[in-house]
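Chains as they are written, first to last, in this note's numbering: chain A, 316 to 786; chain B, 316 to 786; chain C, 316 to 786; chain D, 316 to 786.
Everything labelled a hint here was simulated from the structure, so no lab data went into it. Please note: incorrect hints may appear among the correct ones.
Where chains are identical, the list cannot tell them apart; a pair therefore holds if satisfied intra-copy or between any two copies.
[Claimed, not checked] Think about it this way: if two alpha-carbon atoms lie no more than 25 Å apart in a straight line, the pair counts; the simulated DSS-like pairs of lysine-lysine are: (1) Lys691 <-> Lys513; (2) Lys513 <-> Lys657; (3) Lys597 <-> Lys496; (4) Lys513 <-> Lys662; (5) Lys752 <-> Lys662; (6) Lys324 <-> Lys496; (7) Lys752 <-> Lys324; (8) Lys422 <-> Lys478; (9) Lys513 <-> Lys634; (10) Lys597 <-> Lys625; (11) Lys562 <-> Lys367; (12) Lys561 <-> Lys597.
Protein chains: 4
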Amino acid sequence: MYNTTNLDKLKEECGVIGIHAPGRGQLARLAYFGLHALQHRGQESAGIAVNKEGSITYYKEMGLVQEVFSDDVISRLEGDITVGHVRYSTTGESYVINAQPLVVRYKGGSIALAHNGNLINAGEIRDDLEDQGVIFQTSIDSEVIANLIARYNAFGIEKAIQKTMEQIRGSYALVITYGNKLIGLRDPNGLRPLCIGKIEGGYVLSSESCAFNVLNAEFVRDVAAGEMVIIEDGQIRSIQYAGGEKKALCSFEFVYFARPDSVLDGQSVYISRRNAGKMLAKEHPVDADVVIAVPDSGTVAAIGYAEESKIPFGEGLIKNRYVGRTFIQPDQKMRELSVRLKLNVLKENIQGKRVVLIDDSIVRGTTSGRIVEMLKNAGATEVHLRVCSPPVKYSCYFGIDTPNRKNLVGATHSIEEIRKMIGADSLGYLSIDGLLKSIDESGAGLCSACFSGDYPMEVPKTSNKYLFEKK
Amino acid sequence: MYNTTNLDKLKEECGVIGIHAPGRGQLARLAYFGLHALQHRGQESAGIAVNKEGSITYYKEMGLVQEVFSDDVISRLEGDITVGHVRYSTTGESYVINAQPLVVRYKGGSIALAHNGNLINAGEIRDDLEDQGVIFQTSIDSEVIANLIARYNAFGIEKAIQKTMEQIRGSYALVITYGNKLIGLRDPNGLRPLCIGKIEGGYVLSSESCAFNVLNAEFVRDVAAGEMVIIEDGQIRSIQYAGGEKKALCSFEFVYFARPDSVLDGQSVYISRRNAGKMLAKEHPVDADVVIAVPDSGTVAAIGYAEESKIPFGEGLIKNRYVGRTFIQPDQKMRELSVRLKLNVLKENIQGKRVVLIDDSIVRGTTSGRIVEMLKNAGATEVHLRVCSPPVKYSCYFGIDTPNRKNLVGATHSIEEIRKMIGADSLGYLSIDGLLKSIDESGAGLCSACFSGDYPMEVPKTSNKYLFEKK
Amino acid sequence: MYNTTNLDKLKEECGVIGIHAPGRGQLARLAYFGLHALQHRGQESAGIAVNKEGSITYYKEMGLVQEVFSDDVISRLEGDITVGHVRYSTTGESYVINAQPLVVRYKGGSIALAHNGNLINAGEIRDDLEDQGVIFQTSIDSEVIANLIARYNAFGIEKAIQKTMEQIRGSYALVITYGNKLIGLRDPNGLRPLCIGKIEGGYVLSSESCAFNVLNAEFVRDVAAGEMVIIEDGQIRSIQYAGGEKKALCSFEFVYFARPDSVLDGQSVYISRRNAGKMLAKEHPVDADVVIAVPDSGTVAAIGYAEESKIPFGEGLIKNRYVGRTFIQPDQKMRELSVRLKLNVLKENIQGKRVVLIDDSIVRGTTSGRIVEMLKNAGATEVHLRVCSPPVKYSCYFGIDTPNRKNLVGATHSIEEIRKMIGADSLGYLSIDGLLKSIDESGAGLCSACFSGDYPMEVPKTSNKYLFEKK
Amino acid sequence: MYNTTNLDKLKEECGVIGIHAPGRGQLARLAYFGLHALQHRGQESAGIAVNKEGSITYYKEMGLVQEVFSDDVISRLEGDITVGHVRYSTTGESYVINAQPLVVRYKGGSIALAHNGNLINAGEIRDDLEDQGVIFQTSIDSEVIANLIARYNAFGIEKAIQKTMEQIRGSYALVITYGNKLIGLRDPNGLRPLCIGKIEGGYVLSSESCAFNVLNAEFVRDVAAGEMVIIEDGQIRSIQYAGGEKKALCSFEFVYFARPDSVLDGQSVYISRRNAGKMLAKEHPVDADVVIAVPDSGTVAAIGYAEESKIPFGEGLIKNRYVGRTFIQPDQKMRELSVRLKLNVLKENIQGKRVVLIDDSIVRGTTSGRIVEMLKNAGATEVHLRVCSPPVKYSCYFGIDTPNRKNLVGATHSIEEIRKMIGADSLGYLSIDGLLKSIDESGAGLCSACFSGDYPMEVPKTSNKYLFEKK
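Start from the sequences, fold in the hints, and give me the full structure.
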């Protein structure tokens, strides 16, 4: 089969959810619908674990949420607390063994963990643990975390988690259930988002607030960086186990990953994208006839660009809503099919026009080139590409799947070289400062390391997510 | 499972495609990709038949195009001519036996037919044929057509088809293969669309021009109402077997069914929708802060409305792109889940604002009511619903699945009653005249019977698509 | 995949069942379990139709009975009369369209037919019907029968069926439901079996009596050759619509097809097989140490041979009970895997022994050769092959899938040549007379045409089951 | 679905295979076919791991071997050493996480283990390990073994395994791959079988010799009790790491589990079963007309009984070869369907006869009662049940799934009570001594604990296989 996944976007690694609502019943069902709202954060595998008086059962499988769970499976997952997870799709090392939540039994009992993020010292800890005779069955960080928690068992679960957090470095939004508790944690830099909602009969933790609507939940607040929240007996307790580190919420969540209807650390993703579009219009104005977006991720910014520039917004590319993740092999003569299957030019809005094309980001640049070609073939007299984020130049170590630097066109080519490669008449990237200010007026509290190389913590010289694959 | 199909939209019944390109090879593969572009016209079943020197093989199954066909199946479908079909999804009488193309063997050889439309005298013809001892295995009109063609076999295929067309009344875009021919027909009123494209090595027939892009095909022209085109030996011949009837292309194709990037009988669907939005702004102006659309079908018109009214366009409802066709049963407390699973309010654009909400049409009104409620809950101070088509008051007999008149809110309630039911602060429908002029300046050549009751031909007192189900 | 179906056996084409028990409910469920007992008669597709007050619904699909039907599907098939069918598996022209029962609507209403057998004049009738403009959608004889019944509709269903039977020639056990009737028919020669059982609340028709046990049914009697039984209002009526033709029940049913626990026309299949083994011992005695069978079909006869010859019976070949119908491709070095996957030599009973190997029949001879080789490799000093049926020399026209005569080793080679080819030390076939007498002492009432060429009716010069495939 | 698994038989827990043949290629393919021959030892899940220069990849899933593996999956499993496993089916705690081989990464590298057997001190070791902070993800013993090996890593793999074996008690046939080695072990009592074969290009380890035929392998020898064999560089080395313990090969392997064409520790399973039948005839003679078996497991013994008693052997019960593992729910009136779906009485051999019915064992007695009833209903004048093993009175701790003692009819009822319950005219069990002598003339070297309670090692007071399920 022919994989149609857009290779020209960065990929988020996960979405997590947790619900604590003992009296309510059917929590796995709620988690199922909540995971639907987080599906954009991972399409490779899905899993739900339920905790009934400390005893944990679970189901996880490769596939989309709706493919993985049947009514029958959901009905058999009974409990008072639930933890769910979606994981993103790669072609490489993705096995059901690596699906989450990870459920393990240890001295303290049973525990289920769902993790979004990436530990940069997981390899070292793993080596240490292996030196002590520990075996590993998966290649996910959660297995490292579970091992550490087990080792600190004597301290009690909360202290054990804290001591574990002291040892690990990197990014994480973690949702854990153990005993009668649902526990949420966010790393000291707050790199990955996690928020709290109030639901009938209890509380919800979710990577993004967009999951609250479907659950009829009310937004309460974000989990703070370095905070552990413990939900138990209908109450939320909070332990600020770390503090003082630089706040550094991933700015790419705003650029591409998060759903526009989510609010992360008080900032609406939608608003930030429209701001980015406006800012882009100020930084890279151009004389043109129409502003169009690469749908769907560029649409909000395109509206902002149009608003600021006074150039009318129009739809120039129509997306086929029925395009799945794989196809049969195309015929030799069907060049560049993956783009044309998904996008079709709306000639009426393009022909004879000078077009401003808004995309959220450029990773490799290949798709952008094909789209510019399609627009020119459809009669665009000029195509001015405007990108709502700065050039991606550095690898992410915190949970985003960035290609090797040599494949990041922003790292290897000048802007002019990229423009030529893509065939655009002009090319403008949003500045780092512009991006950060579009999210927060002060521009503070955000990680922009993939653009600037300015990491919020020391990163290893080399690292990649296959580090722990079996050898 | 819980069916999430939007019950509040009319449903198209089918999409057809045909390719004649003997030297090229792998035509089933082309048809597969072409059917992807027509998938919006039917999601129930898909089928492809190939004709190799008069011998026809085929494969059809329930499901989406990409679910039905594997590389293996496509590879085994070899031929010089191919016919493909997608059928829409209902919960009722949908069996694989009713999937198309219909392939039959008769005195003249083998024939494959793919039909979009509905015959209003199929019942009578069927009765006549049954009187003569004919048996029926399906409940599709194509079986009636195939029987008639077989009866006229002595006249040769082209004449046999003509004589058949003389007998049938109703709507059809038909694609047929027989011998070394690919034949396309459109009913005398041109109710359903069909167009011709030029492809490397041959020709394509398609319900909509949007399929041409993916096939690298060039638009040639529409098949005319009452025209039969015969593609053979690399040539297109035309027989105008009927004429003089009132041209009556379905106006709902422009309102909702067709893809915006298609051009039907010379009119861009996108342009007509934007025109409709502008016209709507003229007919039903309102003082408001933001224009939003019910995505995706209302988006183009909303842009038009904003342009005309000078009220800014914004995104107010975010669609979940991962919502499939079925779900597990929700929990009792998850009210109105099907709407909330698909749509989420973007509070930032709604809160404290007077909102103009653009929808393409209202059938039952239930979904509209839920959306208005969601917007009000999110803080909209006013919600003014504007609908880009007139009230749907009459059943369609020509291939659109309209509910019984008693379920058409436009047929049973006054506009003011509908407004109250939906809870909008004001409600404005586009006039019939406005709709027709948004499509064609003269307003001519279109069927608007579902709005006006003015059918292009005499229709039976009662009719429904289950007429031929086995009893 | 690697097809492991035993190519060296003749194949039955179908099994049929019908139940009439209006008050009882859940008839599809009964049919499902009954079809399990007939599964050996066909593994390609399975189908069940139910008749509720003349309205017929059905479900049929490719696969084994237990693969085709789920509890859900069975639950939705409600009716007072049911008709079921299993069809055998070939690699060639097997589509779901050819699965049975065939359900059609005609002037008289709806009718469902399940057919075991083969019509030798179906082609001619089909040609006639095509001359009259009839179309055909399948390549099964049942469609011809349904067309004829429809044409005679004016005569009422019973007379229409009779008139149809007057026109068709060949073999059939037919089970039909229409209106409030369940109708069973057997061709004038009685070539294919059909019997009647009494069940709580009604009656059952079945190809073989072995289905009665699972249904708690009591054997009533066989349907006679040329008889139509009509079950209605809890009564059985009988119409002897034909008579005087030579009774000719297929003798291969006794040799291989039927289950040993069935009784056909008063004769136990088990007894006939044991008799055949005894007869074989008389006709082809040999001095040996052990009698073994090719399991499972040769086992009963081997016991008979041992009994008569006083040579001890032993198990010499162990069958793997978990071998399915398909496998992945074996490695180049795994020679003759299909035999070794299924059968393993039990060295203890073979080594150093003179072995009598009993097989039910030889079609191509390839498998026999491999088995003999395996036995010799395991240390058999002599292998004497004894076959419980005469050489198969002629094609069957009555529902058995015989290969082309040129592939029938019995038609093209002398017995001595076959012996050499197979590598046996001696080879003995049961005589035709011996076979017939093993079934019925008088040797009368049986068809032995595949051995003798003496067909019970005139047969066409050429015929094959793909005659009606679409061209 | 209605589970048709025979609840009245003890269940084996696993089958293992290992192949070391570096030059040959396609080892996973060989393992696949080999596992087919071991399928009777476990139908719940199947898995294959391949080792390519120390790097291990694997695939395991719920289902039969042919359901789990496709050609595509097998093709992607490349390596020079392979380990395969089949696990038996229960309804309870069977998840894919518990499927084998277990593949883990530890300090020493990667290792794959396949285990047949049961450790009686796994709970204690697990507790110890948990005290040290170890986490467990599965409920299989292999995870305990892998943890121990990892802890002894500093000693090198062979010594690490030895030290692990010194700690564990219970039964095991283990196949392990690590580095360039394939390692096989058998517990010090030799409770579970394991043998060595020579294959083109290398060696095979298998639970039973019946797998050698399909692989064209030649039997070399059994692995000895307490022996570790290391296959490396085309050589087999042996380390006798334990000795002196009482040899105690499971006698139930001969009664029921093993395939009759296997030879375990020098004894043919087939011969032992025939001997058991003969012995049974001596111990419990009876005046009767026919000896029949409960197929298939009682057949060999029935032949032996007939031989010794001179009462003719006949087939009295016909097995439906198409009965799968699950069914839809039967109708209320279909009493005792599970037996009747599988077995049908052959009236001809039963009616008016005094029947000796041979079964391999009785666990609960329910099925036996139904069979006796069926025979009586079919006209048997007397039914004398003879069982080829002693009453099962004690739980097995060594890898056989015995029900709780209170469900073992042999533990709770006298023989006369069982006879009455079953409705047989007489009932005779083979004596323990008789069983042991039927396997080995000396009666030595076998475990008969489930009959005698005389365990080859001290067993815990309570133990069950769900001990390690998550709580």
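Results for each hint:
With identical chains, the CA atoms of Lys691 and Lys513 are at most 25 Å apart between copies only, with a shortest distance of 20 Å across copies and 51 Å within one. For a Cα distance limit of 25 Å, the shortest separation of Lys513 from Lys657 across copies, 21 Å, qualifies, whereas the shortest one inside one copy, 38 Å, does not. Taking the shortest alpha-carbon separations for Lys597 and Lys496, neither the intra-copy value of 50 Å nor the inter-copy value of 59 Å comes in at or below 25 Å. Taking the shortest alpha-carbon separations for Lys513 and Lys662, only the inter-copy value of 18 Å comes in at or below 25 Å, while the best intra-copy value is 48 Å.
When the C-alpha separation of Lys752 and Lys662 is checked against a cutoff of 25 Å, the pair qualifies only between copies, where the shortest distance is 21 Å, while the shortest distance within a copy is 35 Å. For the homomeric pair Lys324 and Lys496, neither the shortest alpha-carbon distance inside one copy (37 Å) nor that between copies (43 Å) is at most 25 Å. Only within a single protomer do Lys752 and Lys324 lie at most 25 Å apart by alpha-carbon distance; the minimum there is 23 Å, versus 42 Å between protomers. Taking the shortest alpha-carbon separations for Lys422 and Lys478, both the intra-copy value of 16 Å and the inter-copy value of 24 Å come in at or below 25 Å.
For the homomeric pair Lys513 and Lys634, the shortest alpha-carbon distance between copies (23 Å) is at most 25 Å, but the shortest distance inside one copy (36 Å) is not. Taking the shortest alpha-carbon separations for Lys597 and Lys625, both the intra-copy value of 11 Å and the inter-copy value of 22 Å come in at or below 25 Å. When the C-alpha separation of Lys562 and Lys367 is checked against a cutoff of 25 Å, the pair qualifies neither within a copy, at 36 Å, nor between copies, at 45 Å. When the C-alpha separation of Lys561 and Lys597 is checked against a cutoff of 25 Å, the pair qualifies neither within a copy, at 29 Å, nor between copies, at 54 Å.
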